[in-house]
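Let the sequences and hints guide you as you build the complete structure.
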Amino acid sequence: MSVKIQISQKTRTKIEEICKSFHNNPGELINVLHKTQDYLGYLPAEAQEVIAQELGIPTAKVYGVVSFYSFFTMIPKGRYPISICMGTACYVRGAERILDEFKHLLGLNVGETGTDGLFSLASLRCVGACGLAPVVLVGDKVYGRLSSDDVRNIVEEYKNLGFAV
Amino acid sequence: MDKINLIIDNREVSVSQGTTILKAAHNIGIDIPTLCHFELAGLNIHNKPGGCRICVVEVEGRRNLAPACVTECTEGMVVKTNSIRVLNARRTVLELILSDHPADCLVCAKSGNCELQNLAIRFGVRDIPFQGEQSCYKVEVSPSIVRDMNKCVMCRRCETVCNDFQTVGALSAIERGFPAVVSTAFNQKLSYSPCTFCGQCVAVCPVGALVEVDHTPKIIRAIADEKKTVVVQVAPAVRVALGEEFGLKPGSIVTGKLTAALKALGFNYVFDTDWSADLTIMEEGTELISRLTRHLNGDKEVKLPLLTSCCPAWVNFFEYHFPELKEIPSTAKSPQQMFGAIAKSYFANKIGVKREDMVVVSVMPCLAKKYECGREEFKLNGNPEVDYSISTRELATLIKQANIDFNSLEETPFDSPLGESTGAAVIFGTTGGVIEAAVRTAYEVITKKQLPKIDFTELRGLEGVRSATIDVDGLKLNIGIAHGLSNARKLLNEIKEGKSQFHAIEVMACPGGCIDGGGQPLHHGNSDIIKARWEAIYEADRNMPIRKSHENPSVQAIYKEFLGEPCGHKSHELLHTHYFDKAKVIEIKLG
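Chains A and B are the protein sequences, given in the same order. When the letters of the first sequence are read in order and numbered with this note's numbering, they come out as residues 1 to 165. When the letters of the second sequence are read in order and numbered with this note's numbering, they come out as residues 1 to 591.
Hints are computed from structural coordinates only; laboratory data are not their basis. Note that the structure is a prediction, hence the values are computed from the model and not measured.
Computed footprint of chain A on chain B, listed as stretches where at least three residues anywhere in the stretch have a Cβ under 8 Å from a Cβ of chain A:
{"no.": "1", "stretch": "161-170"}
{"no.": "2", "stretch": "181-191"}
{"no.": "3", "stretch": "574-587"}
Computed cross-link-like contacts, DSS-like style, restricted to lysine-lysine with a CA-CA straight-line distance of at most 25 Å:
{"no.": "4", "chain 1": "B", "residue 1": "Lys3", "chain 2": "B", "residue 2": "Lys23"}
{"no.": "5", "chain 1": "A", "residue 1": "Lys10", "chain 2": "B", "residue 2": "Lys584"}
{"no.": "6", "chain 1": "B", "residue 1": "Lys326", "chain 2": "A", "residue 2": "Lys4"}
{"no.": "7", "chain 1": "A", "residue 1": "Lys4", "chain 2": "B", "residue 2": "Lys496"}
{"no.": "8", "chain 1": "B", "residue 1": "Lys589", "chain 2": "A", "residue 2": "Lys14"}
{"no.": "9", "chain 1": "B", "residue 1": "Lys582", "chain 2": "A", "residue 2": "Lys4"}
{"no.": "10", "chain 1": "B", "residue 1": "Lys570", "chain 2": "B", "residue 2": "Lys303"}
{"no.": "11", "chain 1": "B", "residue 1": "Lys110", "chain 2": "B", "residue 2": "Lys249"}
{"no.": "12", "chain 1": "B", "residue 1": "Lys490", "chain 2": "B", "residue 2": "Lys300"}
{"no.": "13", "chain 1": "B", "residue 1": "Lys189", "chain 2": "A", "residue 2": "Lys4"}
{"no.": "14", "chain 1": "B", "residue 1": "Lys303", "chain 2": "B", "residue 2": "Lys499"}
{"no.": "15", "chain 1": "A", "residue 1": "Lys20", "chain 2": "B", "residue 2": "Lys496"}
{"no.": "16", "chain 1": "B", "residue 1": "Lys227", "chain 2": "B", "residue 2": "Lys354"}
{"no.": "17", "chain 1": "A", "residue 1": "Lys4", "chain 2": "B", "residue 2": "Lys584"}
{"no.": "18", "chain 1": "B", "residue 1": "Lys589", "chain 2": "A", "residue 2": "Lys10"}
{"no.": "19", "chain 1": "B", "residue 1": "Lys263", "chain 2": "B", "residue 2": "Lys400"}
{"no.": "20", "chain 1": "A", "residue 1": "Lys141", "chain 2": "A", "residue 2": "Lys35"}
{"no.": "21", "chain 1": "B", "residue 1": "Lys584", "chain 2": "A", "residue 2": "Lys20"}
{"no.": "22", "chain 1": "A", "residue 1": "Lys35", "chain 2": "B", "residue 2": "Lys589"}
{"no.": "23", "chain 1": "B", "residue 1": "Lys589", "chain 2": "A", "residue 2": "Lys4"}
{"no.": "24", "chain 1": "B", "residue 1": "Lys584", "chain 2": "A", "residue 2": "Lys35"}
{"no.": "25", "chain 1": "B", "residue 1": "Lys584", "chain 2": "A", "residue 2": "Lys14"}
{"no.": "26", "chain 1": "B", "residue 1": "Lys589", "chain 2": "A", "residue 2": "Lys77"}
{"no.": "27", "chain 1": "B", "residue 1": "Lys354", "chain 2": "B", "residue 2": "Lys218"}
{"no.": "28", "chain 1": "B", "residue 1": "Lys589", "chain 2": "A", "residue 2": "Lys20"}
Using N, Cα and C, we set each Cβ at its ideal position, and we do this for glycine too.
Here it is as structure tokens:
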């Protein structure tokens, strides 16, 4: 009769450790979610169930918080997560054109991950590199002063790398 | 404590510290409209998110309008509740809410009882000037509750009762901005959530977003089918609340008119769940005595305290949240199911009707009863013990549809033999009643002496958790009582920690017990109504010639004729059940 939620031992242990590092305090839910997303790249329903159980709060409440904040995502990120800065400086220097170019080349909307799992597309606010506007992040790597042609090159570069790296 | 003096609408008011503008105004007869605000005074339910902004007022010296429901009075405050600025703002707020609300009032289950509709009437809204985006959610039909989130006004009352009062945690606000809505985790169906179907979310919903599943068309069809023998049973709490639907004052006892109405509707047999409540006491009482005797004889294995099992929302609650305790509750089925089991065996046999040609309908103050009668373990070859459970509200609709003038009906008694009952059965309708009924019988069975006093007032009351020690001829019986699942949770945690001192615990999920069940006429936050029903239950008990379950002649007869003895072989087959572990289990994935 019971509802079964499956999760791997490694993931479960890691989430338990994260919760424990915050003393399983329900008031630390947002921090726990940040750490878990750092680790998994996203917050699948199964992970939210474990967090709810560990912190002793309803899963609906955890999901309420995850769905409230745009930073949290339930969709796994790609191997190369692409984030386009839409902060004021980047915006006035043509970030929207850059974003459109990525959308066009990858066939993705903001918040989506490609079916092959190579790329995901996100937008964010100011990364503090306004002098380099418009700025794009691929993983941790920063690309600045971009034009539409540069976008094409970036996509090609990572396509060639593929999952090998 | 020092009094605070302020002026509301040019009138001087003096209130104690911490009073909101809404309350202060109410005290001097100024009725500030509200929508999200909800309070059930004395029953520990309070929803005040200050979110809807219908109650805004003007406070001198403040730039913005203040929500009266969450703004506390301060010394020298000057408040205007009906200035043009306030009235315009309020109307705009209302029109904005209405702009994303389906205008299907004609066919809405809440029509005539909807707080948003009442506001629109009160403000004389004649058109909605805003044409914005419309919410588009799929309507979910669960075994008990229909959720139409297109009608949700985000008052969050349901979330408050589900989380704070019941600690069930099925519902939460999700998303933000326009898509914000109250939902389950991952938008799953209620059946996959920890929902207990207690129906308190339905009882507090101001609009038609949460309503009960309507079985009235099925009842009408069953009655019209000449091949079917339709038997109806009525729960105790229905008789002290149904009158409200026909303009009678809260607390009116309408048992006689209720039976007359059911006969006029065309039910073949009009019986009483009170009858099977007496039967429940025979079974549950015997179970309690047997566990106690074993305990007193030094049996360490015996499971104590005994937990009552009449309330189906409570049963769902421990199956989801405390499955490790599932061996502790009494195995006695609820009175609704006991009635169905007997009606479709003993009674069907007696009148020569085949099981499949009998339809058993129950009228309940409850929405979880709809879920309960669909449970697989209560079916024989797919045929349920109880076919349909309808709420007090649904019965009122049936009566109105059938041109029955309820108030002029002549009082009629219940049919025989499943209609005879005692005062002990009628108090099943309120918190403390089941255990009082059990104690009345247990006392006389254990001591073989007559009770010196039938009323156990120490078991009565509306506090969330109560306890009492009953002296059963030297044996000290410790009784715990909880209503509201948050209170039940406290007692269950004590049991888990091995700290519970109780021999028996009664739990009912709803505030005040069944009298304020999810299927009762809506009280809109007026706890005086619940108080009146509560008093009426005990009055109905006092009015009964027999007040102890074991003295019910018809129950005595069924043991002689059919069942044998309480907790005997036949009883176990028909009147007892078992519970399931429904907790979410997080399993380790292989590989």
